[in-house]
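Quick note, the sequences are listed as chains A and B, same order.
The first sequence begins at 3 in this note's numbering and counts up by one.
The second sequence begins at 1403 in this note's numbering and counts up by one.
In short, the hints are calculated from the structure, not lab data.
Hints should not be assumed to be uniformly reliable.
[What the hints assert, rightly or not] Keeping only pairs whose Cα atoms sit at most 20 Å apart, straight-line, the calculated PhoX-like set for lysine-lysine is: (1) B:1508 with A:8; (2) A:23 with B:1510; (3) A:16 with B:1510; (4) A:8 with A:94.
[Unchecked claim] Per the computed footprint, the stretches of chain A lying under chain B, defined by three or more beta-carbons under 8 Å from a beta-carbon of chain B, are: (5) 66–79; (6) 102–114; (7) 161–173; (8) 210–223; (9) 238–245.
[To be verified] Partner residues aside, some chain B positions facing chain A, computed with beta carbon under 8 Å: (10) 1416; (11) 1505; (12) 1506; (13) 1512; (14) 1521; (15) 1595; (16) 1599.
For every residue, glycine included, the Cβ atom is placed at its ideal position computed from N, Cα and C.
Residue-level listing of the chains:
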Amino acid sequence: MKLTLKIWRQDNAKAKGKLVKYELSDLSTDMSFLEMLDVLNEQLASKGERVVEFDHDCREGICGQCSLVINGQAHGPEGHYTTCQTHLRSFKDGQTLNIEPFRANSFPVIRDLKVDRTSMDHIIQAGGYISSFTGMAPEANSIPIHHNIAESAFDSAACIGCGACIATCKNSSAALFMSAKIAHLAKLPQGQIERAERVVWMVNAHDDEGFGSCTNTGACAMVCPQEVPLLDITRMNYEYNRSLKTIDS
Amino acid sequence: MAIKKGLFKTSIGRKNLMAFTGLFTSFFLIIHLIGNLILIIPDSYFPIEFWGNVASAHDMYNAYSHFLVHFWPISLVAWVLYAALIVHVIDAILITLNNNKAKGEKYKVTDNSTSTWYSRNMGILGTIIGIFIFIHMTQFWLQYKVLENEHDLYNLVVATFKEWWVLVIYEIGIIALGFHLVHGIESAHRSLGVYPKNAMGIVKYIALCFGIIMAVLYAIIPIILYFK
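Just chain A, with the same shape it has in the complex (with noise of 0.2 Å):
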């Protein structure tokens, strides 16, 4: 199959990028977005040119690594799915595909389309940790723990922060990619005793990091490719509010 692509260009945070077009054929719908990437990149190569820089890593759809708006959806048209595991069957032969770096002003792009997501990381850093015992990895079955509480909190556990509801947002609020931290300890008894605490402090490294506020329109949860549930974000908000009354400082 043949395809266009318009892809953003820009050698570093401060130069003013373009999008630059590319014409590629004799593609397999068998191939993954990024492979089609290498494609290209081996041809530039071969012409002397630099080559497109993109985030990726295990390719297998786990690691968060890789980024890319493609049409104006975050990891593609596939709607939970990294761009990884996007393959070229999900586009039609001929097309005009847009690709651009997640954006926020949080995600300073490095080159091209690759962007500096450490900012998620300080909002991390800031109390998605619990408190623990040192030593040997405690058994894992010491703290009973239901069933359903379980599964619940996993799927808050899922992110693989990658940042795509951050880059979808109208906002550019981490909402999602926070509250899916607060939300997964906050169900655990793990988690217990940091829960007032974490929450004040994850939400004002996220203000400080520069993210916006969540107006709920749930346009995050749409594109997530670990389908993290919209309603984390209203859990954190009780969290929140809880933490106002239970917090001592």
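Starting from the known structure of chain A, fit chain B onto it as the hints suggest.
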């Protein structure tokens, strides 16, 4: 890290404030609607017994509005309502400015299929409603309550709605209000953290019904008055 809390200081605090003021104002809509419905009671229903013998919709409406203006607890709630509306607007501007700052470079291509248009354009809908409220208050509230130019509110209302452009402005304002409510009521509950899964399902349904019922009932009253 210093702990910041409070309604104006954090992203969630600001949304809580939006929710409180928005829900309070929504509650007022029900009270306002009861008054409006008196306007469209057909003449054949009168006279009726309602705190004494009421001869017509004219008398009933004027008695009701006189009661609202001269009963002090209602005047007190009215001041809270004005404050809530002003805080709602200021808070919305603060949130929007902050959100605009958070946005990066604009996407060349955007796909909006992941959310509803009215949830993305609450600010625009709110601005339309704001302009509408300004027009609405200069027409009635200012004339009747503040300047006291007009003592027969029923006649003022009926005469005002005989103009076709008044009807058009009101219908636009009310449609904007309906969409603002459908997203606003749900969003407010989410912001306040009504998280049980079943509760959120019910809230979503109530928000939709409330928005539609309010918009339809508010919208038909000026139409009936125009053609009466």
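message = For a quick check of understanding: which of the numbered hints are violated here, in increasing order?
response = Violated hints: none; all satisfied.
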